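Residue numbers (this note's numbering), protein chains in the order written: chain A, 11 to 549; chain B, 4 to 171.
Worth flagging that the hints you see were computed from the coordinates, not collected in a lab. Just so you know, not all the hints are guaranteed correct.
The calculated BS3-like cross-link candidates involving lysine-lysine, where the alpha carbons are at most 25 angstroms apart (straight line), are [to be verified]: (1) A:Lys-320 / B:Lys-72; (2) B:Lys-72 / A:Lys-198; (3) A:Lys-320 / B:Lys-103; (4) A:Lys-194 / B:Lys-68; (5) A:Lys-375 / A:Lys-410; (6) B:Lys-145 / A:Lys-320; (7) A:Lys-320 / B:Lys-96.
Covered stretches of chain A (in silico footprint by chain B; criterion: 3 or more residues with CB under 8 angstroms from a CB of chain B, positions within the stretch not fixed) [said to hold, decoys possible]: (8) 125-133; (9) 188-195; (10) 311-318.
Far from chain A, by Cβ distances over 10 angstroms, these chain B residues were calculated [unchecked claim]: (11) Ser-23; (12) Ser-57; (13) Glu-64; (14) Glu-75; (15) Val-93; (16) Leu-94; (17) Arg-104; (18) Leu-108; (19) Ile-113; (20) Asn-136; (21) Glu-141; (22) Glu-142; (23) Arg-154; (24) Thr-166; (25) Met-167.
Bear in mind the structure is a predicted one, so any value in this text is a computation, not a measurement. Note that the Cβ used here is the ideal one computed from N, Cα and C, for glycine as well.
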Amino acid sequence: MAEKIKVSEAMVECLKAEGIKVVFGYPGAAICPFYDELYKSNIKSVLVRHEVNGGHAANGYARISGKPAVCIATSGPGATNLLTAIATAYADSIPIVCITGQVNSEQIGSDAFQEADITGSAAPFIKHTYLVKDGSMIGRIFKEAFYIAGSGRPGPVLIDVPMDVQNEMIEFSYPKSAVIRSYKPTSKGNALQVKRVIKEIKDAKKPLLCVGGGVFLSNAKKEVRELSERFDLPVVSTMMGISVFESDDERFFGMLGMHGSKTANRAVSECDVLLLVGARVGDRAISNPAIIEKNKRIIHIDIDPAEIGKNITADIPLVGDVKTVVLQILKDAPKLSHSDWISEIKGFDKQSDNKKSKEGKIDPKEFLSRLSEVMGENTHVVADVGQNQIWTATHYKMKKGRFLTSGGMGTMGYAVPAAIGAKLADEKSEVLAICGDGSFQMSFMELATAVQHGADIKVIVMKNNYLGMVREVQDKAYGGRLIAVSLEGSPDFIKLAAAYGINGVSVNDEKSMTEAFELLKKNTPCVIECVVDDFESTL
Amino acid sequence: MNEMKHTISVLVENHAGVLSRISGLFSRRGFNIDSLAVGVTDDPEISRITIIVSGDEHTVEQVEKQLNKLVEVIKVKTLKKGEKLERQLVLIKLSVPLEKRSEILTIADITGASVIDISQTTMTLLLADTYPNVLRFEEITKPYGVLEEVRTGTIAIQKGSETMTFKK
Ligand SMILES: Cc1ncc(C[n+]2csc(CCOP(=O)(O)OP(=O)(O)O)c2C)c(N)n1
Ligand SMILES: [Mg+2]
Numbered sequence: 011m012a013e014k015i016k017v018s019e020a021m022v023e024c025l026k027a028e029g030i031k032v033v034f035g036y037p038g039a040a041i042c043p044f045y046d047e048l049y050k051s052n053i054k055s056v057l058v059r060h061e062v063n064g065g066h067a068a069n070g071y072a073r074i075s076g077k078p079a080v081c082i083a084t085s086g087p088g089a090t091n092l093l094t095a096i097a098t099a100y101a102d103s104i105p106i107v108c109i110t111g112q113v114n115s116e117q118i119g120s121d122a123f124q125e126a127d128i129t130g131s132a133a134p135f136i137k138h139t140y141l142v143k144d145g146s147m148i149g150r151i152f153k154e155a156f157y158i159a160g161s162g163r164p165g166p167v168l169i170d171v172p173m174d175v176q177n178e179m180i181e182f183s184y185p186k187s188a189v190i191r192s193y194k195p196t197s198k199g200n201a202l203q204v205k206r207v208i209k210e211i212k213d214a215k216k217p218l219l220c221v222g223g224g225v226f227l228s229n230a231k232k233e234v235r236e237l238s239e240r241f242d243l244p245v246v247s248t249m250m251g252i253s254v255f256e257s258d259d260e261r262f263f264g265m266l267g268m269h270g271s272k273t274a275n276r277a278v279s280e281c282d283v284l285l286l287v288g289a290r291v292g293d294r295a296i297s298n299p300a301i302i303e304k305n306k307r308i309i310h311i312d313i314d315p316a317e318i319g320k321n322i323t324a325d326i327p328l329v330g331d332v333k334t335v336v337l338q339i340l341k342d343a344p345k346l347s348h349s350d351w352i353s354e355i356k357g358f359d360k361q362s363d364n365k366k367s368k369e370g371k372i373d374p375k376e377f378l379s380r381l382s383e384v385m386g387e388n389t390h391v392v393a394d395v396g397q398n399q400i401w402t403a404t405h406y407k408m409k410k411g412r413f414l415t416s417g418g419m420g421t422m423g424y425a426v427p428a429a430i431g432a433k434l435a436d437e438k439s440e441v442l443a444i445c446g447d448g449s450f451q452m453s454f455m456e457l458a459t460a461v462q463h464g465a466d467i468k469v470i471v472m473k474n475n476y477l478g479m480v481r482e483v484q485d486k487a488y489g490g491r492l493i494a495v496s497l498e499g500s501p502d503f504i505k506l507a508a509a510y511g512i513n514g515v516s517v518n519d520e521k522s523m524t525e526a527f528e529l530l531k532k533n534t535p536c537v538i539e540c541v542v543d544d545f546e547s548t549l
Numbered sequence: 004m005n006e007m008k009h010t011i012s013v014l015v016e017n018h019a020g021v022l023s024r025i026s027g028l029f030s031r032r033g034f035n036i037d038s039l040a041v042g043v044t045d046d047p048e049i050s051r052i053t054i055i056v057s058g059d060e061h062t063v064e065q066v067e068k069q070l071n072k073l074v075e076v077i078k079v080k081t082l083k084k085g086e087k088l089e090r091q092l093v094l095i096k097l098s099v100p101l102e103k104r105s106e107i108l109t110i111a112d113i114t115g116a117s118v119i120d121i122s123q124t125t126m127t128l129l130l131a132d133t134y135p136n137v138l139r140f141e142e143i144t145k146p147y148g149v150l151e152e153v154r155t156g157t158i159a160i161q162k163g164s165e166t167m168t169f170k171k
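My request is simple: use the sequences and hints to build the entire structure.
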């Protein structure tokens, strides 16, 4: 008979078997047995300063590593603090595995101290949950959890482990694979549909490719770029699809949608065939699908059958993993040319001239564009939420690095913790967190985490003294009755950084901008504040 | 809009919590459930849920697809009109004085209901029938004074040799 081990030790063995090197979390009594086993392992345990940020850090780590990442919380308030991060990961289909402690099995349902039904409360915005009742199932549950999180349309999975279960003694072996009869995601595309897609694009006069976050989830950047090249397809992207193409790619015309570029939106309205790849047609990207459905042919490639036909009716639906399907298409794809159509789109481009900024204020768009020129080409950029997010999405010129943001949920405070996760997943590349002065104040406590764990992230705070995006809404739609949007009382961000032992520069003129760009070259975390006009507009 | 009632049969893993995932999905996505019935199948590991939803074709398609996304859902099928057999079960407790007992027995006889309990002042009837017949039965029994009524959700099966089972 095999030697028995504690479930908590088995949990760590599961993580090792999954190749987990770092976990992000926050302990409490109910998860102590597990932490005690982590103590004995080589897995790096990162203490975040708030559970939600553990979830966001795992989110950033997962996006960059391309594999499920782990976050941990204790029962009750620890677990409920994770909820926003779970919803954020779910909305963007990011694979994270959340491990929570739970009160002892026999106390469940008794409103015990720090008891919260976390599997129940996460249910509406999580891919799957487990409440572990029998310790001997732990291996199978972990194997399934990682498999479910990372396969098909990825997403968060939660494993809730009562404290007594963590202390159970079991015979343990980690299954080699997960066999779930009720879960069989499709990866290969239907051959007939693939043929139809090729024909449709061949017949099109003005085809347009729209790429979404699904391209990254499927690790298909290279293949999708090749598709654009082979068919000579102009490209636009959703916010989640930014950086699939480099910003200066000759066929790339920027982000579409409510906050997108005029060129991209005009290309969408004038194309005759729209090829959506790993894009779910969210309302911020395509606000009026009915119009688009009416006068163009739509090809929709997505791994989630439920996304096809949900927001827009596709003429040619094609269910499958983006990479697999695009490779299928490329196998039989002829070389095409659409140079006239591409020049036509180039002609749409009427850049509005940069206006002059007020004395002591910086034009955020120009700043971000210049910032992208001084940063290395592999720099990953994490945009927070608000005007700062839109400025970054539209004006930071992405090269080889990845653009990350909370696209689906629009969760303020995402940038700093996600940047820490991204940095720990790819320590060779620079990672920028670009925040607003509001969103930075939702997670600046994580500067301590960055310092403690040597995550050299560069934080840019776009300071307009307002919850700018909401201020703008109140100005435009509520007669300028500004309420609860002024950030008066905010700390001096440079002094705040100094309190964490982090250097900073406030940028309000050419000279300070040069200084800031110098500081960014150092191998240490830094905080750069960019002073913009209080009433700067989003677009 | 073409708002119709649709019968959806779902095979699920017989796990704790599955039912709440399914009912939660309906409320979260704003689908309208008319009825839901659940019970274990001949395979004790698998339960079968019958859901009646109102909505147009697009809604039903989304219901099917969203149900399929739940990890513990094994199979989803919308049973077509004309190809399905549906039944509901209703228990009705009537206030019945002695002199009316034979009348009630006649009604039971004609409608195919059975009398499953009797007391000095009441009779309890059971009917398992289609939804329209259950409604008719309610109409007929109403004048006798309904003290209590309990109905199950509809369950359904395909006609003929068609089955919806899961082969291991
Ligand atoms: C957690 C959370 N709360 C509220 C909002 C609503 N919201 C969207 S943008 C925004 C303002 C963000 O302010 P700031 O970070 O200063 O960015 P700015 O728009 O000024 O660039 C708010 C409050 C949100 N997206 N997330
Ligand atoms: Mg602001």
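How the hints compare with the structure:
1. A:Lys-320 / B:Lys-72: 14 angstroms, holds
2. B:Lys-72 / A:Lys-198: 17 angstroms, holds
3. A:Lys-320 / B:Lys-103: 57 angstroms, violated
4. A:Lys-194 / B:Lys-68: 13 angstroms, holds
5. A:Lys-375 / A:Lys-410: Holds. Lys-375 of chain A to Lys-410 of chain A sits at ~20 angstroms (cutoff 25 angstroms).
6. B:Lys-145 / A:Lys-320: 44 angstroms, violated
7. A:Lys-320 / B:Lys-96: 46 angstroms, violated
8. 125-133: Three-residue rule met by the segment 125-133 of chain A, so holds; n is 3.
9. 188-195: With 4 residues in contact (Cβ-Cβ under 8 angstroms with chain B), the coverage given for the segment 188-195 of chain A holds.
10. 311-318: holds (count 3)
11. Ser-23: 7 angstroms, violated
12. Ser-57: It holds; Ser-57 of chain B is separated from chain A by about 19 angstroms at its closest Cβ, greater than 10 angstroms.
13. Glu-64: With a cut-off of 10 angstroms, Glu-64 of chain B comes too close to chain A, as the shortest Cβ separation is near 7 angstroms.
14. Glu-75: Its Cβ does come within 10 angstroms of chain A, the nearest being 6 angstroms, so this is violated.
15. Val-93: Label holds. Min Cβ-Cβ 32 angstroms, cutoff 10 angstroms.
16. Leu-94: 31 angstroms, holds
17. Arg-104: 47 angstroms, holds
18. Leu-108: Per Cβ check, Leu-108 of chain B is outside 10 angstroms of chain A; nearest 47 angstroms; holds.
19. Ile-113: 45 angstroms, holds
20. Asn-136: Its Cβ never comes within 10 angstroms of chain A, the nearest being 35 angstroms, so this holds.
21. Glu-141: Correct as stated: the minimum Cβ-Cβ distance to chain A is 36 angstroms, above 10 angstroms.
22. Glu-142: 40 angstroms, holds
23. Arg-154: 28 angstroms, holds
24. Thr-166: Nearest chain A Cβ is 17 angstroms from Thr-166 of chain B, so the label holds.
25. Met-167: Correct as stated: the minimum Cβ-Cβ distance to chain A is 14 angstroms, above 10 angstroms.
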